[in-house]
Amino acid sequence: MKNRRVKNKLLPYIFVSPYILHFLLFVAFPVLFSIILTFHKWNIISPMEFTGLNNYVRLFKDTIFLKSISNTLIFLVIHIPLQIIVALFIAEILNQNIKFKGFYRSAFFLPVIVSGVVVTMLWQQLYGFDSGLLNRLLTSVGLPKIGWLIDPAMAMPSIAIMATWKNVGLYIILFLVGLQTVPRHYYEAAELEGANHWQKFFKITLPMINPTIFMVVILSTIGGFSLFIEPYIMTGGGPLNSTISAVLYIYKQGFFYYHMGYATTLGLFFAMLILLVVVTQKKFLEKGE
Amino acid sequence: MIIISKILFKVFIPVLLIITTFGCTKNSKSETDLLYWSSNLPEEILFAKYITTEWNENKKTYHIKFQPVPEGQSSEEVILAAVVGKTTPDIYSNMWQGDVEVYGLAGVLIPFDTLEGFWDFINERCDSTTIAEVTSSDGHIYQIPWKINPIMMIYNQNIIKELNLKEVPRTYSEFTSAAKQFQKDSDGDGYVDRWFGYSEVLVTWWQRFFDFYPLYLAASGGAPLIENNKAVFNNEYAVGVFKFLKNLYDNNYFSRERLSTKQDIFLSGVVATRFTGPWEIAHSEKFKPAGFEYGFQNMPVPDNYTGPVYTYCDPKNIVVFNTCINPQLAFNFIKFALSKKNDLKFLELTNQLPRRKGIDENPFYKEYFENNLKMKIFAEQAKYVKGTDINPKLKEVFDLISQEYEACVIYGVKTPEDAVRDAAEAVDLLFLD
Numbered sequence: 001m002k003n004r005r006v007k008n009k010l011l012p013y014i015f016v017s018p019y020i021l022h023f024l025l026f027v028a029f030p031v032l033f034s035i036i037l038t039f040h041k042w043n044i045i046s047p048m049e050f051t052g053l054n055n056y057v058r059l060f061k062d063t064i065f066l067k068s069i070s071n072t073l074i075f076l077v078i079h080i081p082l083q084i085i086v087a088l089f090i091a092e093i094l095n096q097n098i099k100f101k102g103f104y105r106s107a108f109f110l111p112v113i114v115s116g117v118v119v120t121m122l123w124q125q126l127y128g129f130d131s132g133l134l135n136r137l138l139t140s141v142g143l144p145k146i147g148w149l150i151d152p153a154m155a156m157p158s159i160a161i162m163a164t165w166k167n168v169g170l171y172i173i174l175f176l177v178g179l180q181t182v183p184r185h186y187y188e189a190a191e192l193e194g195a196n197h198w199q200k201f202f203k204i205t206l207p208m209i210n211p212t213i214f215m216v217v218i219l220s221t222i223g224g225f226s227l228f229i230e231p232y233i234m235t236g237g238g239p240l241n242s243t244i245s246a247v248l249y250i251y252k253q254g255f256f257y258y259h260m261g262y263a264t265t266l267g268l269f270f271a272m273l274i275l276l277v278v279v280t281q282k283k284f285l286e287k288g289e
Numbered sequence: 001m002i003i004i005s006k007i008l009f010k011v012f013i014p015v016l017l018i019i020t021t022f023g024c025t026k027n028s029k030s031e032t033d034l035l036y037w038s039s040n041l042p043e044e045i046l047f048a049k050y051i052t053t054e055w056n057e058n059k060k061t062y063h064i065k066f067q068p069v070p071e072g073q074s075s076e077e078v079i080l081a082a083v084v085g086k087t088t089p090d091i092y093s094n095m096w097q098g099d100v101e102v103y104g105l106a107g108v109l110i111p112f113d114t115l116e117g118f119w120d121f122i123n124e125r126c127d128s129t130t131i132a133e134v135t136s137s138d139g140h141i142y143q144i145p146w147k148i149n150p151i152m153m154i155y156n157q158n159i160i161k162e163l164n165l166k167e168v169p170r171t172y173s174e175f176t177s178a179a180k181q182f183q184k185d186s187d188g189d190g191y192v193d194r195w196f197g198y199s200e201v202l203v204t205w206w207q208r209f210f211d212f213y214p215l216y217l218a219a220s221g222g223a224p225l226i227e228n229n230k231a232v233f234n235n236e237y238a239v240g241v242f243k244f245l246k247n248l249y250d251n252n253y254f255s256r257e258r259l260s261t262k263q264d265i266f267l268s269g270v271v272a273t274r275f276t277g278p279w280e281i282a283h284s285e286k287f288k289p290a291g292f293e294y295g296f297q298n299m300p301v302p303d304n305y306t307g308p309v310y311t312y313c314d315p316k317n318i319v320v321f322n323t324c325i326n327p328q329l330a331f332n333f334i335k336f337a338l339s340k341k342n343d344l345k346f347l348e349l350t351n352q353l354p355r356r357k358g359i360d361e362n363p364f365y366k367e368y369f370e371n372n373l374k375m376k377i378f379a380e381q382a383k384y385v386k387g388t389d390i391n392p393k394l395k396e397v398f399d400l401i402s403q404e405y406e407a408c409v410i411y412g413v414k415t416p417e418d419a420v421r422d423a424a425e426a427v428d429l430l431f432l433d
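Protein sequence lines, in the order shown, are assigned to chains A and B. Residue numbers for the first sequence follow the working numbering, so the first one is 1 and each next one is one higher. Residue numbers for the second sequence follow the working numbering, so the first one is 1 and each next one is one higher.
Possibly wrong hints are sitting among the right ones.
Stated by the list, open to error - Cut-off 25 angstroms, straight-line C-alpha distance, at most; resulting in silico cross-link-like pairs (BS3-like, lysine-lysine):
#1 B:340 with B:383
#2 A:41 with B:395
#3 B:230 with A:61
#4 B:180 with A:145
#5 B:243 with B:180
#6 A:61 with B:395
#7 B:86 with A:41
#8 B:393 with A:41
#9 A:61 with B:414
#10 A:67 with B:395
#11 B:376 with B:166
#12 B:393 with A:61
#13 B:376 with B:288
#14 A:67 with B:414
#15 B:230 with A:41
#16 A:67 with B:393
What the hints assert, rightly or not - So, partial list: chain A residues that the calculated Cβ filter (under 10 angstroms) puts toward chain B:
#17 44
#18 45
#19 64
#20 124
#21 128
#22 130
#23 131
#24 145
#25 152
#26 238
#27 241
#28 244
#29 256
Everything labelled a hint here was simulated from the structure, so no lab data went into it. Note that beta-carbon positions come from the ideal geometry of N, C-alpha and C, so glycine has one too.
Chain A extracted, bound-state conformation (with noise of 0.2 angstroms):
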């Protein structure tokens, strides 16, 4: 009798327990972990060496950091605007009533279900100096070549234009979803009024759809500022540093060059600049409501 009272106290703490083990290992001991850390020197190898705040020094004084992080800003500053435009251009024509609808939402959606590192060999030979295709169609009608991925003022914004054609079919399923959820009859009633399609447009669609609106700015920031693939492949970070994300140059300190302390510290900041950017966002896009 005592033995199962025993058990069925116990039970509840067995069901939970899966997910708390799974929340210390996986989440709270790395946190912690990783505060520590930024206060040591640490190659995996040898023992950790306490640093104090040597880190933190550090990296406010590393300028390819901050010129990452800049670089960062710049590819979202270009990315997320270029992924909202084109997203809500192509959900609205898909939302008429067209031919081959469906045909058309799944190929605007195939690039985002392959592989980035597939989608980035591809466009790497399009963005081919020489033989690349984009390169050949602007020779064709009599344009100069443009150095997309080797000139330095232009290598950010193709990667940019190349990330906004890997993920525009995710957003352009969700403002479908948006558009859908307009109620028809406020078009009904603004056309009795007489409003035009750019009016309808702007008060009622995008006012309808400002959920969806932000909640695409703050997965495509989110996404933007995990930048990586991209300029690994396609640039490794060059050329001049050019492409160098934030997020890439913290793998080089880490997986590179062992230099965990500092690669965390890095990381910890970046965490806390996503987190300071959305926050923002959040509080400019509610206040626009």
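Chain A is already provided as a structure; the job is to place chain B on it using the hints.
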């Protein structure tokens, strides 16, 4: 509820305990077994299989268990993970020489010089320069020189003939002049699409092993980059190499575009030369078009250079980890694997050079080199090669050089003098840290 409780207590929890207890233990092997990891290149797997089979069939005292290094993004990462998890093999045969110092100083490698018979073995296999090159800063030797792939210049013989050159360019001036002659816009679209050479334009640190570093060694007669934790490369040789390469990029004799993502640019005649290793022979023989002729030459040197032409040799060595319960037995196996006979087998199976002194003149290998004349060029070059300087921060050093290389050589935003000076200063700062 009671059934669930019973299942939890009687089945799930014991199973979980068993899995967590035994799932994390090291691969079990008997005390007389040794685990050997080779690289995962097919040819090297063949060789590793051959020597382990030979050993296990003929030496009954203990058994060698062989497996290729487990799959990972790179073998370096796999080794690091194994070191951290204490799941390292006893013997590993593909350790890049530049990585050894970090592991050696951290105490995860066995110093071979403490083992019986080591000095006799190493003095028979290597010359004093090679022994000095692999001696750690603490005076111990944690690696046995195994194989090298010297970097040389491969050239398209047909193009050299077309250009009516008397000989393959040997100096900076000859190379530049041939490059000027060869450069062309073959499809008439106003853009150059044939270059005399190509080197990878990525800033990744190890790419400099295929351009700056072998050229620096060639120009300086094998001078070091760092000595006693101080940069010693701020000199005329490094500046000269930067100037030479910068001139090639400035004049579009080398392409700034990444050409390596396309079809083989050397075999398709897009470039006339490349800086590469002996692995190119097997590849070229397999894929070259009909009538395609090629050869190898030393790295280009400054015009006034005299003396033997050195190069980087991409050395890979053998180490024994401290998880090995009997390092002396491991060493005995390594001696067997690196015997004269097995070095010949290694040559035949992999077309890579064992790092053995006088290999080009040793009668034992004569027949192989007579049948593989292109490999003989590399064997002759092997007398004048260098690996890496002994330093635990080598990757950072090459990264700093690579940053300045990109700024100066490829994009021309710095003068060679400034770039080399800035790289040297940054390296000195690195050692102050």
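> Which of the numbered hints are not met once you compare them with the structure shown?
Replying inline: none
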